[in-house]
Amino acid sequence: MAEIAIRSVKKTYGKVQVVHGVDLAVRAGEFVVILGPSGCGKSTLLRMIAGLEAISAGEIAIGGRVVNRLEPRERGCAMVFQNYALYPHMTVADNIGYALKVAGLGKAERRAKVEAVAASLGLEDFLDRKPGQLSGGQRQRVAMGRAMIREPKVFLYDEPLSNLDARLRVAMRVEIRKLHQRLGTTTLFVTHDQVEAMTLADRIVVMNAGKVEQVGTPKEVYGRPESTFVAGFIGTPGLNLLPGTLDPGAGVVHLEGGQRLAYDRQRWAGAGAGRVMAGFRAEAARMARPGQGLDAVFEFSEELGAARLVHGTTGGAMVVVSLSDGRDLSPGDRFGVDVPAGEVQLFDAGTGRRLSGERAPAAVPGAPVLEAV
Amino acid sequence: MIERTPLLNLVTHLVLVSGLVLLLMPLWIVFVAASHDFHTVNQVPMPLWPGDHLAENLAVAWQKGNFDRVMVNSLIVALGVTVGKIVIAALSAFSIVYFNYRLRMLVFWVIFVTLMLPLEVRIVPTYAVAADALRPFQAMFDAVGLSVDLPEWNLLNTYSGLILPLIATATGTFLYRQFFLTVPDELTEAAKMDGAGPVRFFLEVLMPLSKTNMAALATIMFVWSWNQYLWPLLVVTDHQTFATATMQLQKITPGPAFGEPPIWNVAMAANLIVLTPPVLVTILLQRWFVRGLISTDK
Ligand SMILES: Nc1ncnc2c1ncn2[C@@H]1O[C@H](COP(=O)(O)OP(=O)(O)OP(=O)(O)O)[C@@H](O)[C@H]1O
Ligand SMILES: [Mg+2]
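First to last, the protein sequences are chains A and B. Start counting the first sequence at 1; every next residue gets the next number (my numbering). Start counting the second sequence at 1; every next residue gets the next number (my numbering).
Honestly, the hints are just simulated from the structure, not real lab data. Keep in mind it's a predicted model, so treat the numbers as computed, not measured. Ideal Cβ placement from N, Cα and C applies to all residues, glycine included. Heads up, some of the hints might be wrong.
What the hints assert, rightly or not - When the alpha-carbon atoms are kept at most 20 Å apart in a straight line, the in silico EDC-like pairs for lysine to aspartate or glutamate are as follows:
1) B:K192 x A:E159
2) B:K192 x A:E151
3) A:K101 x B:E189
4) B:K64 x B:D238
5) A:K153 x B:E189
6) A:K101 x B:E204
7) B:K192 x A:E115
8) A:K101 x A:E115
9) B:K192 x A:E283
10) A:K219 x A:D202
11) B:K211 x A:E74
12) A:K130 x B:E204
13) A:K101 x A:E159
14) A:K153 x A:D128
15) A:K130 x B:D238
16) A:K219 x A:E283
17) B:K192 x A:E53
18) A:K10 x A:D94
19) A:K107 x B:E189
20) B:K192 x A:E71
As the list claims (entries may be wrong) - From the structure, some residues in chain A lie toward chain B, with a derived Cβ separation under 10 Å:
21) A50
22) I55
23) A57
24) E71
25) M90
26) K101
27) R177
Sequences and hints are given; from them, build the entire structure.
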């Protein structure tokens, strides 16, 4: 178990910079998920920690020791790869025990350890098979066993579940979480699947285009996104964002197209007039009769079983409202979107950052207790 | 495109069979000729069905060609060349694919260009080096003005002389390079995370994975080096000790140089003897051979 300190780490390939100065402190024993869209530099960051990629600038320390110049094997990290990267010519037992063999452990001792690890992952019956004779989920478990057996200080996972089908993914997610509870090893987990991130993480690091957008607990990034990017990325669907002009005197946002959206003036007491993005959750808004709340035009709906997501346009932007009754609409129908003032969140239209001057959001239902980061 | 009409089936089979006949006919004639006695084989036209003198002819050829000794020589040379080529090819490809040094691509192209310089083209300088293996180094020392006197190291009439000049192989390097490029990067990285250094990775991961490649290369190279004729003829003067099987064929094949009438039946029997080992190797490694060349098994 070890803490990881990442200080202004950058990565450049030739002239292209792909990671732009990341700062991050991971506590010992923490489960941190790095979440972001494809190509944002998640894997690159993880691989710099593992030692598979040189660090162009900045510093990474694991357990208080700067590892910039250390070989991967000296860093005490174990990694699970997306496509498992098992040695195809070795049996499951040899795959799991290879690190020990390299370390020079005796055969009997190795076998004992491999068997213990295999038992904890339910792989006892497959020890003599080759990876080619295993299912995807079993291979994934072998890859985890290979990482576990070294008793590393840090586990690194690079999208380990993305090759599995949906049900297996959920099952493996539970297993990874259990493994973490049992071993308590510091874990960094890369994914672009926000559901995975929300369910696994102690804290989520949201990355975009080589920068960290926000670091926080799943509740924080969901309830109090620091930027429009995080707001739109987290949650299914993401936060509804409507462009407009803030009028603190009236306590409303003038949306494009002339509509007005009221917000909680007490909460945003410090916010000054200017161009903003007003955001609210689909679940927090209610669909109303036409003329009530915001005026919207129906486009289509998505059936989710328990609820339905109604997509429409208002004030020149898309809105999504979740709806639990069975009302039927056809394209072009008008409907109202009723947004409680307390649910409206404000972002700077220019920078995309959350507006400053917000009071402690105790009034927001379901808002997380903020913890100093 | 898969068509299933009886007529097309018939035509394709006809093409196949005629190709087969075309390929096998010469071999059949060798076999038939090797199985008749001296008189029958010289009749015109020659019979097309085997006679009953095969064993006898083989025995004569074996004894006449000194095959006891010569087959062993050929085997040593062919195995030496094959193993040498595989080792060199795997190592050089490993260096080119897995290590990042400045002249990497240059080295690759230099190796690649030697494809255009087979032994036959550079036979005179190669012979000069074989006659004194340290001479290039001596020349280098002389050129920079160092007065070091290297001993003369003559490779003529030795197994090293027969084997070493045949070992360099651009084909093998290329084949291995292509294979190494298909090994996923993540496998290399997994080995790194497991703490394996380059040597371990090469021996314990890459080599076992390239078994089919190795078999393909071994087959091609064994047949190729077994059939070498020109080079052994040049470096071997002590024919009693170092002659190879192919060299003996020349002596058995009748011709005015030997002042004998053409004893085709014995000559063809000798041919049968000489072609057996490469055929066996090909048959044994064939299953691997095909997989190594189309190589997509994980
Ligand atoms: N060897 C390289 N040379 C140049 N650019 C690279 C190299 N490797 C990665 N990149 C670039 O760096 C950026 C980040 O890549 P990275 O693999 O970290 O993305 P990612 O966040 O893991 O995406 P994904 O979710 O698709 O795996 C990408 O834009 C990619 O094109
Ligand atoms: Mg990635």
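Here is how each hint holds up against the structure:
1. Between K192 of chain B and E159 of chain A, the direct Cα distance comes to roughly 19 Å. Compliance with the 20 Å bound is thereby established for this hinted pair.
2. Of the supplied pair hints, the one linking K192 of chain B and E151 of chain A holds, its CA atoms being roughly 16 Å apart against a limit of 20 Å.
3. Under the criterion of a C-alpha separation no larger than 20 Å, the hint pairing K101 of chain A with E189 of chain B is consistent with the structure, at around 17 Å.
4. Distance check on the hinted pair: K64 of chain B and D238 of chain B sit about 17 Å apart at the alpha-carbon level, within 20 Å; holds.
5. At most 20 Å may separate the alpha-carbon atoms for a hinted pair to count; K153 of chain A and E189 of chain B meet this at roughly 18 Å.
6. A C-alpha spacing of about 11 Å is found between K101 of chain A and E204 of chain B, which places the hinted pair at or below 20 Å, so the restraint holds.
7. About 23 Å separates the Cα atoms of K192 of chain B and E115 of chain A, which puts this hinted pair outside 20 Å; it is violated.
8. Between K101 of chain A and E115 of chain A, the direct Cα distance comes to roughly 14 Å. Compliance with the 20 Å bound is thereby established for this hinted pair.
9. A C-alpha spacing of about 47 Å is found between K192 of chain B and E283 of chain A, which places the hinted pair above 20 Å, so the restraint is violated.
10. With a C-alpha separation of about 10 Å, the suggested pair K219 of chain A and D202 of chain A falls inside the 20 Å cut-off, and the hint holds.
11. Between K211 of chain B and E74 of chain A, the direct Cα distance comes to roughly 31 Å. Violation of the 20 Å bound is thereby established for this hinted pair.
12. A C-alpha spacing of about 15 Å is found between K130 of chain A and E204 of chain B, which places the hinted pair at or below 20 Å, so the restraint holds.
13. With a C-alpha separation of about 27 Å, the suggested pair K101 of chain A and E159 of chain A falls outside the 20 Å cut-off, and the hint is violated.
14. Taken as a hint, the K153 of chain A and D128 of chain A pair is broken in the structure, with Cα atoms around 28 Å apart against an allowance of 20 Å.
15. A C-alpha spacing of about 53 Å is found between K130 of chain A and D238 of chain B, which places the hinted pair above 20 Å, so the restraint is violated.
16. Of the supplied pair hints, the one linking K219 of chain A and E283 of chain A holds, its CA atoms being roughly 15 Å apart against a limit of 20 Å.
17. Between K192 of chain B and E53 of chain A the CA atoms are separated by roughly 12 Å; this keeps the pair inside 20 Å, and the hint holds.
18. Annotation: proposed proximity of K10 of chain A to D94 of chain A is violated, straight-line Cα distance about 37 Å (limit 20 Å).
19. A threshold of 20 Å between alpha carbons decides the hint, and for K107 of chain A with E189 of chain B the separation of about 24 Å lies outside it, so the pair is violated.
20. For the given pair, K192 of chain B sits about 9 Å from E71 of chain A by alpha-carbon distance, which is consistent with the 20 Å threshold.
21. Of the supplied interface hints, the one on A50 of chain A holds, with its beta-carbon coming within about 7 Å of a beta-carbon of chain B, less than 10 Å.
22. Residue-level restraint check for I55 of chain A is violated (minimum Cβ-Cβ distance to chain B is 16 Å; threshold 10 Å).
23. With a cut of 10 Å, the hint placing A57 of chain A at the interface with chain B is violated, because the nearest CB-to-CB distance is about 20 Å.
24. For E71 of chain A, the interface hint holds, the least distance from its beta-carbon to any beta-carbon of chain B being 8 Å, beneath 10 Å.
25. A distance limit of 10 Å between C-beta atoms decides the matter here; for M90 of chain A the minimum to chain B is near 8 Å, and the interface restraint holds.
26. Given the 10 Å rule on beta carbons, the hint for K101 of chain A holds: about 8 Å separates it from the nearest Cβ of chain B.
27. This hint is violated: R177 of chain A has a C-beta 22 Å from the nearest C-beta of chain B, more than the 10 Å allowed.
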